[in-house]
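K.L.:
Given these sequences and hints, build the entire structure.
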Amino acid sequence: AHAGISYADKCIALAPRTPACLYFRVLNTGVYIQNHIPNYQKGLRQMVADCENLIGIQPDYENAGCYRVLGNIYAQAPSFSLNPKNVTQDWDKSVENLQTAVKLAPNYPLNQLFLARSLEALGDKDEAKTHLMEFDRLTHAGLDNEYPNWKQDRNKLAQKLLGVKSNEKSAD
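The opening position of the sequence shown corresponds to residue 51 in our numbering, with each subsequent residue numbered one higher.
Don't read these hints as lab results, they were simulated from the structure.
A couple of the hints might just be wrong.
As a list, the in silico DSS-like pairs of lysine-lysine whose alpha-carbon atoms are at most 30 Å apart [what the hints assert, rightly or not]:
1) K153 to K143
2) K206 to K153
3) K175 to K206
4) K153 to K210
5) K60 to K135
P.N.:
Listed below in C-alpha cells is the structure:
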C-alpha cells in the first residue's frame, strides 16, 4: 500500500486533477491505514480531502467510488475524538454520501449494500430492506475480488432485516 501511495503521489504531482490518480491514492491510503493503525486519522483526513477533490472533478468515477468511500468512512470511523479535526462517525453523512452513490450508479451492487447497512444503523429498516433487496436483484459477479466480505455483510444485514441467515440468491 505504501508503494501505491507513493505512485499515486507522483501521479498527482504530474496531473493533480486526474481521477485515476486521486482514486488510487484514496484506495491505497485506506489499505495502508487498515494495516498501520497509528496516525490513521491523518490517512482518513487525506482520503476525505482526495474524495472531495475527485467529486469536484468527476463525481461518478468508478461507480461513484468516492461517495461510497466517504459513506464507509463516516460509518466506520470512531464515534468520538477529543480532536475536533479528526474524522468521526456520522451516520447521517454516511447515508447522504451513499444515497448520492446510489443515485449516480444505482446498478453497482455495493452502493446498494452499503446504503442498506447505514440505513439499518440509523433505524430506517424499511428503506434498508428496499436497498438490500435491490442489492440481491443485481449481479454479484466480481464482488469477491472487490470486496471479499460482501457475503458476510449481506447475510448479517439480512438476518437483522429479513430474519434469514443465508443469501437465497446464488453468487454470480
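K.L.:
All hints are to be evaluated individually against the structure, with a verdict given for each.
P.N.:
Now the hints, each set against the structure:
1. K153 to K143: The hint holds at about 15 Å.
2. K206 to K153: It holds: about 24 Å lies between the C-alpha atoms, which stays within 30 Å.
3. K175 to K206: holds (14 Å)
4. K153 to K210: holds (25 Å)
5. K60 to K135: holds (27 Å)
Checked against the numbered hints listed earlier, the structure breaks none of them; every hint is satisfied.
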